[in-house]
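Chain by chain, the residues run as shown.
Number of protein chains: 2
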Amino acid sequence: MTRVTAMATQPFTEEELDDVYAFAVQLGKDAGKLLLEAAQARFNGSGQGSQDFSEKDSAVDIVTKADKDVEAFIKTSIAEKYSDHAFVGEESYSKTCSSRAYLITESTPTWCVDPLDGTVNYTHLAPMFCVSIALVLGGRPAIGVICAPLLNQLFTACRGRGAWLNETQRLPLVRHPSVPPMPANAPQGCVFSCEWGKDRKDRPDGNLHRKVESFLNMAAEVGGRGGKGGMVHGVRSLGSATLDLAYTAIGAFDIWWEGGCWEWDVAAGIAILEEAGGLITTANPPDDPLTSQIDHVELGSRLYLAIRPAGPSKTESGREGQERTVREVWRRVRGLDYTRPAA
Amino acid sequence: MTRVTAMATQPFTEEELDDVYAFAVQLGKDAGKLLLEAAQARFNGSGQGSQDFSEKDSAVDIVTKADKDVEAFIKTSIAEKYSDHAFVGEESYSKTCSSRAYLITESTPTWCVDPLDGTVNYTHLAPMFCVSIALVLGGRPAIGVICAPLLNQLFTACRGRGAWLNETQRLPLVRHPSVPPMPANAPQGCVFSCEWGKDRKDRPDGNLHRKVESFLNMAAEVGGRGGKGGMVHGVRSLGSATLDLAYTAIGAFDIWWEGGCWEWDVAAGIAILEEAGGLITTANPPDDPLTSQIDHVELGSRLYLAIRPAGPSKTESGREGQERTVREVWRRVRGLDYTRPAA
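Residue numbers (this note's numbering), protein chains in the order written: chain C, 36 to 378; chain W, 36 to 378.
Treat the hints as calculated values from the structure; they're not laboratory data.
C-beta atoms are modelled at their ideal positions from N, C-alpha and C, and glycine is treated no differently.
Taking lysine-lysine pairs in the BS3-like style, the calculated list, with each CA pair at most 30 Å apart, reads: (1) K64(W) to K68(C); (2) K100(W) to K68(W); (3) K233(W) to K236(C).
Computed Cβ-Cβ distance ranges for the label pairs, DEER-style: (4) T326(C) to Q75(W): 40 to 48 Å; (5) V257(C) to T374(W): 23 to 31 Å; (6) S352(W) to D65(C): 38 to 46 Å; (7) N220(C) to E49(W): 49 to 57 Å; (8) A76(C) to A76(W): 32 to 40 Å; (9) G261(W) to S129(C): 32 to 40 Å; (10) D240(W) to D322(C): 30 to 38 Å; (11) F108(C) to E115(W): 50 to 58 Å; (12) S129(C) to E49(W): 54 to 62 Å; (13) E141(W) to A107(C): 55 to 63 Å; (14) A76(W) to A107(C): 38 to 46 Å.
Model the full assembly from the supplied sequences, consistent with the hints where possible.
Encoded structure:
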C-alpha cells in the first residue's frame, strides 16, 4: 500500500482515502436529501411557512431549523465513523467560538462543514443553496462534496481522483478538444462572480464601498475608470459562496472574487476547484500586483480569488493564463478588511 | 362557449385558448430540449467547443448557433399552426428591425420569443439560461412558457389558468397557510434581483452608474446613504432577465428592477408573474414616488419593476403591500435612460 504523499501529512493509505471519500459523498447526498425534504415541506405547507427562521446577527443572516438539524446529522455521522477526526461546522462554531479564531490544524484530519450555504436563498426557496462537506488534511482541503439538491447538482472531488459533477461528468465541463485557455484579454470575455455579502455598513471606505468600486472596475468598459475598466462578459451573484466556487470549478464562472466568508463556506469548493485544475489565492492585491508571487490561499484568510481551470494557449501554459488573470483582477480590485484573531 | 373577456380582445374561445396554451407548453419543452442537446454536445466534445460563438454588438453580446436554430424551430412551428399570428423573436428582430421600433400591436395575436435568454451563461455552461415563449393578446402577455432545461425548471401560465412550476406546483411556491405578505419594512427582508446588463459605458451619469447607485441604495444599511439605505436581505444577479422574472413569480426573489432589456426578454415572464399574483410596473420613479399612480407596465418600455405575489397582512391587502414596496424601491432608485423610436 502506498501512502498519499503529494500534499498529505495524514496517515491515510490510498485505500483508506477511497473509503473516506465514499463516506463523504454518501454523507453529502444524505444531507442534501434532508435539505430538500425540509424545502419541500414548505412547498406543501407542512413546514412552518416562510417565517420559519429567526434573526441572528443581522437581517441578512438568518438561520433555519434545517441548518441546525443537518449539521447535527453530519456531525453525528462523522463522529460515529471517525471519532479521532476534528469537526468545524458553521453552526457549532458560532456557538462555541465567540473569538472567531481559526481552529483547523495541520496535524488532525478535520471535517469542515457548512450544512446550508445560501441560507437566504433557501428561506426564499431559490434553488441556489447547498450543503458543503470537506475533509482537510495537512491544513489543506483534500476531499470536497457539495450537494445542491434543488439544482440536481452534486459536486465531488478527492485529491488525485479528479473533480466530478453528478459523479459522471469530469470537471471542468468543457475539455474537448482541450480545456479552453483563459481569454487573451482577461478579464474581458470572463464571467465574474461576486457577492454583496452581509457587511453593508455605509462607511465611506468600508468593505461595501471597496467591493462596489471593485465590481465597477471589473464591469465597466475597457479603458474607463482611469484605465482600470475591465468590461467582463457578465457579473453574477448567486448568493452562495460555495456554489460560486463550484461553478468556477465547472468553468461556468471564470473568476470569483470575495472577502468575508469563512472556511466552511469554501473548504469543499477549494478541494473541487483545485482538483479540477483551478487556481485559488488571496482576494487582496499585494503591493505590486504585476510581479508579486501568487501564493496559495490560506484556508482561514476570509479573502479568496479563484480562477477556473484553464488549458494552454499557443503562447502560454494554462497556469500562466490563470496567473495573468489573477494579476489583472488584482489591478482592478481594492483590498478588503476582514480579519480574525489568532487561534 | 364563452369568450375570454377579462383583458382579451382577441377572438379566442376558452377552448381555443386551452389549445394554444397546450401548443405553447409543448413548444417550450421541445425548444428546451434542443438547447439542452446543444449544451450537452459541448460537454462531450461533439460541438465546436467554447469558441462556438461570434461577437455581435459588444463583448457582452454573444450569440450562438443554438440561438438561431432554436428561434427558427419555434418560428416555423408557430407559422405552420397559426399562420395568421404575428411573430417577434430576438434573432429575427435584430436582423429585420434596425430602427428598434416596437412591433407588437393590440389587434393581432403576437408570439414574442427569446430562443435563448442568458446567452452568456449558456456559452459558459452555467445553468441559468432558458427559452422564453409568450403569446401577447390585446397588447398584453396572456400565455407564458419558460423552459430552463439545465435547471429542470419549466414555468408556465395562461390567463385565468394559474402559473405553474413543472406543471405540478402552483406559483407562488409558498402558499400554505397563505401566500406571505410583503415584509413590513420592505425592502428590508427582501431578496433584490438586478442585472449589470450590457450598457457599461463609463459615463459619469450613465446607466451603469445610475444602476450601481441604485443597487447601493437597496443594499446598504438602513438609514445610510442619506436615508435611502434599504438593507435588502440579499442581492442577486443570475444573468437572465427571463429567469429573474420567473423567480420573482415563484417568490424566490421579492423585487426585480431592471432597465434595458427587450419585450422578448420579459413577455413570458410577465404572463407568469401576473398569473401568479405578482405586480409589474416601470423601473423609473415618477416625480412623486410616494403618491403617484402605479401604472401597469408597458411591454415595450424596456423599464421593469416586478414585485412577487403577496398575501394580505393584518393591516393591508396583498396588493397594498406590493404597492408600498414599489414606492419604497422608487424612493431608492435612479431613473434609467433607455428609449426606443416609435413604430
